[in-house]
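K.L.:
First to last, the sequence lines map onto chains A, B, C and D. So in our numbering, the last one in the first sequence is 320, and the numbering has no gaps at all. So in our numbering, the last one in the second sequence is 320, and the numbering has no gaps at all. So in our numbering, the last one in the third sequence is 320, and the numbering has no gaps at all. So in our numbering, the last one in the fourth sequence is 320, and the numbering has no gaps at all.
Hints are computed from structural coordinates only; laboratory data are not their basis. Please note that the accuracy of each hint is not assured.
[What the hints assert, rightly or not] Label pairs and their computed distance ranges (CB to CB):
{"no.": "1", "chain 1": "A", "residue 1": "Ser208", "chain 2": "D", "residue 2": "Gln310", "range": "32 to 40 Å"}
{"no.": "2", "chain 1": "A", "residue 1": "Glu205", "chain 2": "D", "residue 2": "Glu76", "range": "47 to 55 Å"}
{"no.": "3", "chain 1": "D", "residue 1": "Ile202", "chain 2": "A", "residue 2": "Glu205", "range": "51 to 59 Å"}
[Claimed, not checked] Covered stretches of chain B (in silico footprint by chain A; criterion: 3 or more residues with CB under 8 Å from a CB of chain A, positions within the stretch not fixed):
{"no.": "4", "segment": "38-51"}
{"no.": "5", "segment": "136-145"}
{"no.": "6", "segment": "184-191"}
{"no.": "7", "segment": "240-246"}
Positions of the beta carbon are idealized from the N, C-alpha and C atoms, including for glycine.
There are 4 protein chains.
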Amino acid sequence: MMKRIAVFTSGGDSPGMNAHIRAVVRYALHKDIEVFGIIGGYNGMIKGELIPLGRRETANIISLGGTILRTSRSMEFMTEEGRAKAAENLKISQIDGVVACGGDGTFRGAHLLWLEHEINIVGTPGTIDNDLFGTDYTIGYDTAINTCAEAIDRIRDTAGSHGRVFIIEVMGRHAGFIAMDVGISCGAEFIAVPETVTDLDILNERISQQGEHKRTIVIVGEGDEMGNASTIAQIMKERYNIDAKVTILGHIQRGGSPTVRDRVLASRLGVAAVDALINGVTDKFVGEINHEIAYTPLEDAYSKKKLLPQYIIDLSELLV
Amino acid sequence: MMKRIAVFTSGGDSPGMNAHIRAVVRYALHKDIEVFGIIGGYNGMIKGELIPLGRRETANIISLGGTILRTSRSMEFMTEEGRAKAAENLKISQIDGVVACGGDGTFRGAHLLWLEHEINIVGTPGTIDNDLFGTDYTIGYDTAINTCAEAIDRIRDTAGSHGRVFIIEVMGRHAGFIAMDVGISCGAEFIAVPETVTDLDILNERISQQGEHKRTIVIVGEGDEMGNASTIAQIMKERYNIDAKVTILGHIQRGGSPTVRDRVLASRLGVAAVDALINGVTDKFVGEINHEIAYTPLEDAYSKKKLLPQYIIDLSELLV
Amino acid sequence: MMKRIAVFTSGGDSPGMNAHIRAVVRYALHKDIEVFGIIGGYNGMIKGELIPLGRRETANIISLGGTILRTSRSMEFMTEEGRAKAAENLKISQIDGVVACGGDGTFRGAHLLWLEHEINIVGTPGTIDNDLFGTDYTIGYDTAINTCAEAIDRIRDTAGSHGRVFIIEVMGRHAGFIAMDVGISCGAEFIAVPETVTDLDILNERISQQGEHKRTIVIVGEGDEMGNASTIAQIMKERYNIDAKVTILGHIQRGGSPTVRDRVLASRLGVAAVDALINGVTDKFVGEINHEIAYTPLEDAYSKKKLLPQYIIDLSELLV
Amino acid sequence: MMKRIAVFTSGGDSPGMNAHIRAVVRYALHKDIEVFGIIGGYNGMIKGELIPLGRRETANIISLGGTILRTSRSMEFMTEEGRAKAAENLKISQIDGVVACGGDGTFRGAHLLWLEHEINIVGTPGTIDNDLFGTDYTIGYDTAINTCAEAIDRIRDTAGSHGRVFIIEVMGRHAGFIAMDVGISCGAEFIAVPETVTDLDILNERISQQGEHKRTIVIVGEGDEMGNASTIAQIMKERYNIDAKVTILGHIQRGGSPTVRDRVLASRLGVAAVDALINGVTDKFVGEINHEIAYTPLEDAYSKKKLLPQYIIDLSELLV
């Protein structure tokens, strides 16, 4: 039986993590379960930095970006000793179950905690990259794509005024979700993502089609096989004598007040994660597929590749 | 075979209509189909106000709120003569198929055009209310809920500073989608929607639980059975001696640059609507269900009731 | 000599109050002065609700709307007994000087505290209305006008799509600053403010000039002599048979993250207020005129009328 | 007498240029003066690309970023032949006066047009950098600083969650206005601008003061003598072993819907520029100083250095 659970955030922060923490806390209290927050992800677990969380600690955080529990990437947790220390701390604090909000690295660790120390643990998708198998959307993705689109709409003003080619790099690690959704919604002339072949001849053609006033927006997802935005700009110069301005949106993509979808998803998955622990679920990733809560083995969540939907790839070509 | 199609927007305007028009035009051109825009909805159809639409007319509109084709509610189209005139105009202009973007009133008209005059016509969901059977989301809904949430986050600043009760009315006609998603995402203490019983005793209790500093946010969807925000405020005063401030968000909910989800949905459904016409589909509503394109008879789209998902109703109670 | 000062916010809250509190605290600490915050304005002063404020309490608040010290309108402080109790509490807590952030009601009270009890006190302009004599801008004004403009830009989308007349009411009490700046920047066809004669014949003419598609934006400042937005809409209907939609922007105008100008002004005036107290200034309002810090007797600040600049009135006519 | 004037935008685009064009056109029409727009700055002047501008062409542009007249940097105009051709075109088109909206390069050109060809011309401040002598603010500056602050508020979420040092580069050319206002309003721990000595020992101390959780925001203005953000990050690593993340805000700073202040300033200066031409003013820069319209010789506007106000420099130190 669950009497006391812990929640933490890990990996890159994403908007909606606070809404998620709030939901875990409020719903758990509703079920007469105590909640502790672990500070700074796996590092805090190793150091035993747990703080009690109640309604007061989670008041007014639903609209805040970042995570009040902080986050980090832990080297020590990658060692067996680190994980043993972490598990020990959880046991000392009489934690019956853990909600781990993060990305694939987070889930690898969570899986090992279960495997090696039988810690009841479920993962929830806290990453802007949307690259987790077992959920349609991750917490923070919707905010990130809107932040990007707003930034790029600004750049389009300048691109249109000057008749320039802009190559804009967005996040996404090895997945093109952000680049695709953002590129389509900003009417980009060209979108380069890891999942598809990036043919710069086609880009060159499209720039030519723009006529003398060559206002062109190119979106490049991190991890594209042709390289990052700067590399592509260089190739465009060398190969086609095209001058392009490069903008790397960078860390503005991680922050900001979460959108409604991110707040609702974060809230729903917070409730679902606590329900899962109550129902004896462990070693599972709790996501949302086709509007239903779905459990996926943690191993699958980090090892299986989530594919870009075909309709998105099609859209990126059909509306240019 | 489709050689020439028309597109129009009708009913209340919603953000993403322009992105939708752009997608219809660009994809149709891609398929060697000419596109005309009908100005001002069914009124323009009756008056024969059609203009050719090309890449130039739809450049740079993907990020604009409102609709470049304008919209209206037409009394004349509700008469047989009106519809006959409209159909006549479409035939004179050699329009082979029509994309009708709007809400249930729009679809009623579209269905009659097909029934009475065999005009090939498909409907697409252009309304902020999300109340159309046959699609998970409507074009404009995502933008509207984010506009609401942003406005309410502002009011929360004041509510918190003054320790006040705020009753905020949002749109939605007879459906509580907007109120629910917005209420959950703003951490509202109480959400009143037409689909559930609104018990003001519970609201009174929750205000009391806030303690001396009674900062409380109440979201009321239009169409709630207890009445609108002002009525509820009056009852709270008379029955419980609670002073509450009323804010009616009003028409700010309809405008603004569309969110990424609305732009992508609008784009996708624009392509799907043209594809439907090409494939001989008519008298159908083109929506998106579980990420797939779905056709629904126009009659069902306006006569069947789309239900609030149970999980949303649950969330609205569990996190208070 | 100042060893310990207090700061409070009073009247309607305004964005930037938190940035102001932060500046008072940080600069005072810099000068080795302790700072206390009074909770809930004059009410808290009467009840003796003072809390120590340091760097930690004011960390990360520069971007937050509302006021962490809360605010209220106090009836009790309007009595001599109330003020005596308040002064007593300040003396017990050994407060050497007070920074009072608010509007004219706040300054009336502050002036009496000085007059009746020789409390060293300076006022700073915390109101969105910009209606205080002795400063070019008030803290919160810039945020409020941008919030309004953003909301009205959304309504313009709908007004343009439907060809409708919109009458939009903004705040400002007896002053037309908000209405004027917002109306000019939204390209309003008509702006009604208390300072000028509101001639609805002219409004009617301008609506006619818009042609058949009568998209018209009318901005009405609270306190206009023709009445509020609803009254004007009613007159337009009765007298000219014009249908108009009414929107009252309401409390969204008070909240939100402050703009850069509001944060910088709030910061600068926080430093200036502490400097004033250190220099033995009391019973003065600390504002900014032509980019310089200016002291004005508190009595003047609330009794003298700040005029709308003529160029603003001219602009509102010349660009229609 | 002015019967026909021209307006153009030149140099980097800035938000509010469209509001400015609109004001020039509307006010000129009001004074029975015809207006032509020159496309693409001095390049368009050389090519004779003038288009008539009326109410219709400038409808609904007040809220748009960028410039409908486009802009460019012209090499050819730097030659005597180029300027002669440009002047010839203006004379052929019977242009009696010109409004040149841009920055110092624009004014250099305008001054030469007057000097060499007696073209009546006045300059208006269209640049985000705020670095023009003869005006308190430039058109676009207010929007740019708010865009920056919003972006940096997002990064602060991440910085706080991870406990990281962020070095963020903003625009401003050789002037620190943007960096200072933005840095102060985001509560930056350190602000590096060309106008002050950048001492990285102090930065290092401030990072240390943040304790173990070293969340630190550093704002670097372009043109700082220590180099750009990447250089400073490298020095911090080499000299103090501090790891810092670098973000270059880039071109998002130029675009976006203008703020109220920018729209009002742009409108006012549009009227003032036309008035200046009507009154026979030429070879002058039309700015706003202490809320009054001020004329400055074009030569001074580009050759004299506008200083950072001392209070801004002080604020950047006092609130850290």
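K.L.:
Going through the numbered hints above, which ones does this structure break? Give me the numbers in ascending order.
P.N.:
1, 2, 4 and 7
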